[in-house]
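**Student:** As a plain string of letters, each chain reads:
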Amino acid sequence: MTRPQPVPEPAPLPVGDPDRADVRAAQADRAAFAVLYRRYADRVYGYAFYQLGDHHDAEDATERTFLAAMRALPAFREQGSTFRAWLFRIAHNTIANAHRTRSRRSADPLPEGWDRPAPDPDPAGVVALADELRDVRHAIGAMPDDRRQVILLRFVDGLSTAEIAQVLDRSPGAVRVLLHRSLRDLARRLAERGHGGEPDL
Amino acid sequence: MTIRPSQAVQLDHAVEELLAGERPVVEPTIRPLLDAAALVRAALPPIPGADRFESRMLNRLAREPESRAAAARRQLAQAAAWRPGRAMAAGAVSSAALGITVTVVAVWRSRRHSAAARMGN
Chain A
1 MTRPQPVPEP APLPVGDPDR ADVRAAQADR AAFAVLYRRY ADRVYGYAFY QLGDHHDAED
61 ATERTFLAAM RALPAFREQG STFRAWLFRI AHNTIANAHR TRSRRSADPL PEGWDRPAPD
121 PDPAGVVALA DELRDVRHAI GAMPDDRRQV ILLRFVDGLS TAEIAQVLDR SPGAVRVLLH
181 RSLRDLARRL AERGHGGEPD L
Chain B
202 MTIRPSQAVQ LDHAVEELLA GERPVVEPTI RPLLDAAALV RAALPPIPGA DRFESRMLNR
262 LAREPESRAA AARRQLAQAA AWRPGRAMAA GAVSSAALGI TVTVVAVWRS RRHSAAARMG
322 N
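Heads up: the protein sequence lines correspond to chains A and B, in order. According to the numbering used here, the first sequence is numbered sequentially starting from 1. According to the numbering used here, the second sequence is numbered sequentially starting from 202.
Excised from the complex, chain A in its bound form:
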């Protein structure tokens, strides 16, 4: 017999969706969807790339996400969800399908992004920082899926706690706790590799 699952608290209604006018325009005229595509293409692409680890697969997931969003946009209503939370939920499901297809191992390290110029002129410092950042990506890649998801959505895509709650279908309180556990997990993994202090929680 399965135990009844606790009912999650509903996500609070957003005060205002910054994309509202553009969504309305795209619902009336599909050509206007290009505005929304240009605004979010890089972020959806980055979200896909950091999870799939391959530019070709990330392009494919981005393409599928926007095609699905455009098809479903006439039915989109702002009922407790912003457009970008709705879009990232589509991306989340698309990427989950891609994972299932590929049966990717979850412990793969996250891929490197594009190389930014290092601010440290000290070569030893540059090498140490590069090592540390590589260990961060490795540690995030080794995390359970829900912890990795919340970190990517919060730090790569800049979604709010309420928006992440909508994407992951959890309550905002559960997302805060998940983010706390994820960062504590990450801090511990980094401390094991000799970076930073051990969290005393």
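Check the hints yourself; a few may be wrong.
Unchecked claim - Covered stretches of chain B, going by a simulated chain A footprint (3 or more residues, C-beta under 8 Å):
(1) 224-236
(2) 240-249
(3) 252-258
What the hints contain is simulated information worked out from the structure, not anything from laboratory work. Cβ atoms here follow ideal geometry from the backbone N, Cα and C, with glycine treated the same way.
Starting from the known structure of chain A, fit chain B onto it as the hints suggest.
**Tutor:** For chain B alone, coordinates are given in the frame of chain A:
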């Protein structure tokens, strides 16, 4: 008595400040977590890669056939959309039509009364 927010709420606020480019002041127990958060930002920068396939993607979006249901919903939404100019024009035409109708009826009734009066005399 003030109630201290939970560690998760404190951390959430601190992360919000961090993402806004500020340097949040937090309790020592949260500091290692916030340091880890700062490292995440550095390790996972935004990836500006979508422009490489933008033209292909926009072409595909433009060619995507619209489903009949979506088209019907869109047309309904367009029909129901509030257009002040069109509403004002419709209002003006309606008012003019009503005014003309009232005038015609009044003239007709007055002629009818006059004719009845003449017949009565």
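**Student:** Against which earlier hints does the structure fall short, listed by number upward?
**Tutor:** Violated: none.
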